[in-house]
Amino acid sequence: MKRLLSALALTVLLGLSSSGIAQSAGASDKDLATAINEILTQTYKSNEPGASVVIVKDGKVIFRKGYGMANLELGVPVEPDMIFRLGSVTKQFTAVAILMLAEQGKLSLDEDITKFLPDYPAKTQRVTVEQLLNHTSGIKSYTSLPEWLLMWRKDTELNELIGLFKDKPTDFAPGERWSYNNSGYVLLGAIIEKASGQSYQDFIEKNIFQRLGMAHSFYDNTARVIPRRVTGYSKGKDGYINAPYLSMTQPHAAGALASSVDDLALWDAALYTDKLVKQETLKRAWTPAKLTNGKLTHYGFGWAMNSYEGHTVIEHGGGINGFSTYALRMPDDRVFVAALTNKDSGGPGPARVVLKIAALTVGEPYREPTVINLAPSALDNYIGVYQLSEKEEAIIRREGEKLFVSFPGAGKTEINPSSETEFFIKDSRSRLSFTRNAAGLVMGFVLSGSSGPDQEATKTNKPLPAERQAIVVDPAVYDGYVGEYEIAPSFSITITKEGNKLLAQATGQPKLELFPESPTKFFVKEVAVQIEFVVEGTGKATGLVLYQGGRQLPAKKIK
222 MKRLLSALAL
232 TVLLGLSSSG
242 IAQSAGASDK
252 DLATAINEIL
262 TQTYKSNEPG
272 ASVVIVKDGK
282 VIFRKGYGMA
292 NLELGVPVEP
302 DMIFRLGSVT
312 KQFTAVAILM
322 LAEQGKLSLD
332 EDITKFLPDY
342 PAKTQRVTVE
352 QLLNHTSGIK
362 SYTSLPEWLL
372 MWRKDTELNE
382 LIGLFKDKPT
392 DFAPGERWSY
402 NNSGYVLLGA
412 IIEKASGQSY
422 QDFIEKNIFQ
432 RLGMAHSFYD
442 NTARVIPRRV
452 TGYSKGKDGY
462 INAPYLSMTQ
472 PHAAGALASS
482 VDDLALWDAA
492 LYTDKLVKQE
502 TLKRAWTPAK
512 LTNGKLTHYG
522 FGWAMNSYEG
532 HTVIEHGGGI
542 NGFSTYALRM
552 PDDRVFVAAL
562 TNKDSGGPGP
572 ARVVLKIAAL
582 TVGEPYREPT
592 VINLAPSALD
602 NYIGVYQLSE
612 KEEAIIRREG
622 EKLFVSFPGA
632 GKTEINPSSE
642 TEFFIKDSRS
652 RLSFTRNAAG
662 LVMGFVLSGS
672 SGPDQEATKT
682 NKPLPAERQA
692 IVVDPAVYDG
702 YVGEYEIAPS
712 FSITITKEGN
722 KLLAQATGQP
732 KLELFPESPT
742 KFFVKEVAVQ
752 IEFVVEGTGK
762 ATGLVLYQGG
772 RQLPAKKIK
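Residue numbers (the numbering used here): 222 to 780.
What the hints contain is simulated information worked out from the structure, not anything from laboratory work. Not one of these hints is a red herring.
Derived SDA-like pairs: lysine to any residue, alpha-carbon spacing no greater than 25 Å straight-line: (1) 732 to 746; (2) 511 to 608; (3) 458 to 762; (4) 633 to 569; (5) 777 to 701; (6) 777 to 755; (7) 336 to 420; (8) 777 to 707.
Kindly produce the complete structure, drawing on both the sequences and the hints.
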């Protein structure tokens, strides 16, 4: 599950030291553990929310340790047997449950979902179970809907949750595109219930957790007393806060499970066997989906497939209120790494940490590409408007000696040259490979590094759109805007003034500076978000409107 309005958050990843140790013939598990411990102690401070980490190689646990705090109020440190919410790491369990039912003959992956969900509206084109698994259904993802914000705290029946999105128009024809989709996995949970005659919770707990001896894994429920379960945190304006409450009926089969790294090691071990499903069946889960245009994605069923220095990587992460998680396996190397953290913001996410650890474990220490210097005149060759699709464009601009790219619905991101054709985004696997014609002119780029298909963009002759320009506003005006504005019972935006700057901070997110384009309307440079204050005659705001992704979200000032 991905937090709604996560675009308000800046992804801040630490530049962790590249430990010199490589797990080669001369390096011991002790040397490796020392290098990995150095990475983790840099990342997870002893007095902040922490992480539980496990590394398995050749079926043996070679590293298992907790870092930071499991509960800040009680001063309890994280220990490796503790239980964390998994977020979207849940999806791989849902996918395997579907494959189990397929092997039992209770469903087929190419069947229309309306066979199991007769009340689900028939679409112009049939949607199959497989398209739910690989995010190519085109169904609207409910976590992108503003109205879902109003439901976070509510215990919701599965039918009501499905009712939130079932009548929405599809985003694209099934199989035509790839788009990460939580609705698809909620529907898979409903299909599991229909095909098995059990609740999703009972099916997962009895047929997977109990069968594999995963005694510290559950469908999470805040009312249920679960020993060793850690507390989740978000970053507030003055430090960490308890994460906003989320009813665990909301994520359901898309993200409601909880587990420990020990249990995830048992899970990974089972994936090399036929304990749950046959290996031949599991291969389908690790086969990239193919779109109707023939392009391959990097996503199968509940897992993304990538590579690192020639090593096959099968992986998935999760983000849910109070928690960020990542689990990565390198099956050819028999390596598994999992990191479960009890914070959803405020520092690096676990994805890069896990990759760096896995890279060390297979003897290929992770290193960022080397940035080369290109003259501003050379950088100007890349500036322009690039067509991504019929309705979407990417913009590349130069600011001084740096290039920035802006994608639809997002702010600008710096891209760094490692050659005259290859650019990368730091602390990310995203790469832009530029193409040139015989005359050396830039014709477009290919964006790679996501779970979807590599995306081609063609350079156009369109002029660069005008950038938003900040105007000068008397900082005294900002005093009337300071306060807390509630978008939903569990989600608010806090406006503060620091010196002559106005800043906004959404629940669980870092502060972002607001720039005025009028005395009441402001924009954020880093992300595609605008805020307009509703002001009464005295100059004091009574509310605001958040503009993002073509949507308007009103918020009332509550203090």
